[in-house]
Amino acid sequence: MHLFDWVVLLGLAAWIVYDGLKRTKDSQELEGYFLAKRSIPWWAAGISVMATQLSAITMIGTTGQGYNDGLRFIQFYFALPVAMVLLSVTLVPFFYHSGVYTAYEYLERRFDAKTRAFTSLLFLISRGMSCGAVISAPAVVLSLVLNWDLTTTALAIALPAVVYTMFGGVQAVTWTDVKIMTIIVFGLFAVIVVAILGFPAGVSVGDGLSIAAATGRLRTFDFSFDLTNQYTFWSGTIAALFLFCSYFGTDQSQVQRYLTARSVDEARHSLLMSAYWKIPLQVLVLLLGVLVFVFYVFTPPPLLFSRVETERLTTGPAAAAYTALESEYATALDARRTAATDLATARRSGDSARIQAGRDAMRQGDVEVNRVRARAAGLVREQSGDRRFSDVNYITPTFILTQLPVGLVGLLMLAIIMAATDTIAGELNSLSTATVIDFYKRWVTTSATDAHYLTVSKIATGVWGLFACGVAVWAAELGSLIEVVNRFGSFFYGSILGVFILAIGVPFATGNGAFVGLIAGMTSVAWVASYTSVAFLWQNVVGAVAVVITGTLVGLMERAGRSNVR
Amino acid sequence: MMNAMHRSYVRVLAVWALTLLALYALQRYFS
Numbered sequence: 162m163h164l165f166d167w168v169v170l171l172g173l174a175a176w177i178v179y180d181g182l183k184r185t186k187d188s189q190e191l192e193g194y195f196l197a198k199r200s201i202p203w204w205a206a207g208i209s210v211m212a213t214q215l216s217a218i219t220m221i222g223t224t225g226q227g228y229n230d231g232l233r234f235i236q237f238y239f240a241l242p243v244a245m246v247l248l249s250v251t252l253v254p255f256f257y258h259s260g261v262y263t264a265y266e267y268l269e270r271r272f273d274a275k276t277r278a279f280t281s282l283l284f285l286i287s288r289g290m291s292c293g294a295v296i297s298a299p300a301v302v303l304s305l306v307l308n309w310d311l312t313t314t315a316l317a318i319a320l321p322a323v324v325y326t327m328f329g330g331v332q333a334v335t336w337t338d339v340k341i342m343t344i345i346v347f348g349l350f351a352v353i354v355v356a357i358l359g360f361p362a363g364v365s366v367g368d369g370l371s372i373a374a375a376t377g378r379l380r381t382f383d384f385s386f387d388l389t390n391q392y393t394f395w396s397g398t399i400a401a402l403f404l405f406c407s408y409f410g411t412d413q414s415q416v417q418r419y420l421t422a423r424s425v426d427e428a429r430h431s432l433l434m435s436a437y438w439k440i441p442l443q444v445l446v447l448l449l450g451v452l453v454f455v456f457y458v459f460t461p462p463p464l465l466f467s468r469v470e471t472e473r474l475t476t477g478p479a480a481a482a483y484t485a486l487e488s489e490y491a492t493a494l495d496a497r498r499t500a501a502t503d504l505a506t507a508r509r510s511g512d513s514a515r516i517q518a519g520r521d522a523m524r525q526g527d528v529e530v531n532r533v534r535a536r537a538a539g540l541v542r543e544q545s546g547d548r549r550f551s552d553v554n555y556i557t558p559t560f561i562l563t564q565l566p567v568g569l570v571g572l573l574m575l576a577i578i579m580a581a582t583d584t585i586a587g588e589l590n591s592l593s594t595a596t597v598i599d600f601y602k603r604w605v606t607t608s609a610t611d612a613h614y615l616t617v618s619k620i621a622t623g624v625w626g627l628f629a630c631g632v633a634v635w636a637a638e639l640g641s642l643i644e645v646v647n648r649f650g651s652f653f654y655g656s657i658l659g660v661f662i663l664a665i666g667v668p669f670a671t672g673n674g675a676f677v678g679l680i681a682g683m684t685s686v687a688w689v690a691s692y693t694s695v696a697f698l699w700q701n702v703v704g705a706v707a708v709v710i711t712g713t714l715v716g717l718m719e720r721a722g723r724s725n726v727r
Numbered sequence: 045m046m047n048a049m050h051r052s053y054v055r056v057l058a059v060w061a062l063t064l065l066a067l068y069a070l071q072r073y074f075s
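Residue numbers (my numbering), protein chains in the order written: chain H, 162 to 727; chain U, 45 to 75.
Bound conformation, chain H alone (with noise of 0.2 Å):
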């Protein structure tokens, strides 16, 4: 990178963190710490609850999954916005008004202390690893990509975290976000112009966006039926639904978001300004991969985007295969590309037999690239014994570095970075909440002044950082564990969901029942885990469905127990 992206990069981390925490008011009484006295404006909140999610896995991740298979993974937000409405009916109103800092404080004023313990406790282990997740996947990209340490990037990415949560509670955590938020957006539409700007003369966006039709990049609609298959337009609207209910209505991290907002219609706005932007925010997130790939159709790009596994195969055993492949790929570009350049001429003739013949020779010569760069990315796993080695995660760093001019380098950089950044500082507050509310205030001193609980709280902060950072760092050693809790993670979404319908939609339901159909979702959702190939998404239904209907059981048999006693 150059000094001037440094300066942008640096400036810039420093400004947001420091306005951040001059923004804090009254964060020395814990209401003030933790949801910031209800004062943030809804459009604040709004723009927290997604900057939490937009992950730097996002950046990194999906933008290559947009170059490498286009939109279809957008069928996967499908009913996101079903879910806010839903959510802003039911929930939001019942944690807004019951005063709650946390949302399994709520299940014990429906239920009873056990089933509170129990589930904050799933949220603290699944949310602590995956905190830990988060730091580790771009740390590794961007430790390979800038030639850092990987301690020091997983640090670079943490630490600001930290800091600014532990100091500045849940408004610095708001006020960071708006800003990073506004910084990707706008680093998402100039990767996108730069793309555009590289096409070649004579070809539009029109016609590039032809050129990844053709391939099935602009495929967004799957309506096959297959309970195996995680993106189709059914998984995305029926099953996502329970997901993206248990986690905007249940995982404190997005709870504590617009627990903040000002009063309960202003809680249910910051949600429905998801509902709103989500969809289009990811479809320009995707977007910006399968412009990458059109501007890669002219531009030859290399055999594998990461420049270690390309150094390390060039000067190891594998060095003639290696060179074998790349001047077969060097044959393979060429056919495409002059594919895509007669798919626009025919285009702009407008001879329907012209445009479809151009479209099937588009189509081969994909295909034919795909399977060298496939040939590619296998003589790594070879070589290195990485099973799991992608190329996928390095496409956007390598488009950005390599493309972007001076200065927007450094923004880019800095937008993935604070991407990390803002999602590890909102689990972060809400680690720390649930720790304190849910367990050190409920168990351990439940008396004591709003300074003494805010002191364990930045202690709080500080350990489930340290324990985020010690994760990432580990992640390589942990890798199988952390798979291993992310499972276990997921096993718990759909049977929390579960959970809260009871809490609200079943009046005789008890907290044993609650409790017994928790464990039962959770173990029906393991063996349909471990025993089907059912998709993750569908789950999530399996896991719901199980709890209430445990649950409603339980309650009947207690209710019936207690008359039969009187």
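Selected chain H positions facing chain U (in silico; Cβ < 7 Å):
(1) L370
(2) A374
(3) D426
(4) L433
(5) Y437
Some, not all, of what chain H presents toward chain U, calculated at C-beta under 10 Å:
(6) G367
(7) A373
(8) R380
Please keep in mind that the hints were generated in silico from the structure rather than gathered at the bench.
Keep in mind it's a predicted model, so treat the numbers as computed, not measured.
The beta-carbon is built from N, C-alpha and C at its ideal position, and this holds for glycine as well.
Got chain H sorted already, so can you dock chain U onto it with the hints?
Frame of chain H, contents of chain U only:
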């Protein structure tokens, strides 16, 4: 009578339907 919040929900769902239609139109137009 619908209150302001209900009107917001209807607006969200209408925009949602239009967004999906736009994506479908994009897919159809370029294929």
